[in-house]
Amino acid sequence: NAGVTQTPKFRVLKTGQSMTLLCAQDMNHEYMYWYRQDPGMGLRLIHYSVGEGTTAKGEVPDGYNVSRLKKQNFLLGLESAAPSQTSVYFCASSYSRTGTTDTQYFGPGTRLTVL
Amino acid sequence: GENVEQHPSTLSVQEGDSAVIKCTYSDSASNYFPWYKQELGKRPQLIIDIRSNVGEKKDQRIAVTLNKTAKHFSLHITETQPEDSAVYFCAASMGAGNTGKLIFGQGTTLQVKP
Numbered sequence: 014n015a016g017v018t019q020t021p022k023f024r025v026l027k028t029g030q031s032m033t034l035l036c037a038q039d040m041n042h043e044y045m046y047w048y049r050q051d052p053g054m055g056l057r058l059i060h061y062s063v064g065e066g067t068t069a070k071g072e073v074p075d076g077y078n079v080s081r082l083k084k085q086n087f088l089l090g091l092e093s094a095a096p097s098q099t100s101v102y103f104c105a106s107s108y109s110r111t112g113t114t115d116t117q118y119f120g121p122g123t124r125l126t127v128l
Numbered sequence: 012g013e014n015v016e017q018h019p020s021t022l023s024v025q026e027g028d029s030a031v032i033k034c035t036y037s038d039s040a041s042n043y044f045p046w047y048k049q050e051l052g053k054r055p056q057l058i059i060d061i062r063s064n065v066g067e068k069k070d071q072r073i074a075v076t077l078n079k080t081a082k083h084f085s086l087h088i089t090e091t092q093p094e095d096s097a098v099y100f101c102a103a104s105m106g107a108g109n110t111g112k113l114i115f116g117q118g119t120t121l122q123v124k125p
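Residue numbers (this note's numbering), protein chains in the order written: chain A, 14 to 128; chain B, 12 to 125.
I should point out that these hints are in silico values taken from the structure, not numbers from a laboratory.
It is possible that some hints are incorrect.
Under the rule of at most 25 Å between Cα atoms (straight-line distance), these lysine-lysine pairs were calculated in the DSS-like manner [stated by the list, open to error]:
1. A:22 / B:53
2. A:70 / A:84
3. B:33 / B:79
4. B:48 / A:22
5. B:69 / B:124
6. A:22 / A:83
Given these sequences and hints, build the entire structure.
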């Protein structure tokens, strides 16, 4: 049981390049989330998904796209990277229960630098 | 928009002392309040959580209290140890409905001096 995994762990991009971050979970969780973490700003929600085939915008969605083609995977794409997207990206997942919010389990993070 | 304010941003205590971190939230529909600990270079990990039908919860040296009327909740760590040094984040569930979304505080860096 690996929990939540992310690939890659580190990446350096040049401005304008594109890339995709992969998140995978083996806990059969319905909900998945992408956050970015910047110094002094906590964790900010980029996009999230409440089930296979569904996605929705979070607090800071601009410049990112996501897809959830399979329940266990949640992909985060940067179409044209900008230096402002230099950050640590965390994926998380949780169960879904009607009328309540459940614990989010985080992946190990991806450190992205855009030059 | 909805937000969570967390204080202090940094906290330094002597080993064995207590540490208290406080958070306030704005969304009256929030009903779930987790606390995460993040060690340097690691992922955030849940250490304790509380739901709105409970006023206090304890787990060994850590406790969380919730005041729904005042919209604030606090983390209490007693008998602090050097391994408690980390960044702590509070969070509150967002909005009505079951999206599972959380909004996080800005974090508190706790340093426990031996």
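Okay, the hints, checked on the actual structure:
1. A:22 / B:53: Satisfied, since the Cα-Cα distance of roughly 12 Å is no more than 25 Å.
2. A:70 / A:84: Holds: residue 70 (chain A) and residue 84 (chain A) sit about 18 Å apart, inside 25 Å.
3. B:33 / B:79: Holds. Residue 33 (chain B) to residue 79 (chain B) sits at ~13 Å (cutoff 25 Å).
4. B:48 / A:22: Distance of about 20 Å is within 25 Å: holds.
5. B:69 / B:124: Roughly 24 Å between the alpha carbons, so the hint for residue 69 (chain B) and residue 124 (chain B) holds.
6. A:22 / A:83: With Cα atoms ~22 Å apart, residue 22 (chain A) and residue 83 (chain A) stay inside 25 Å; holds.
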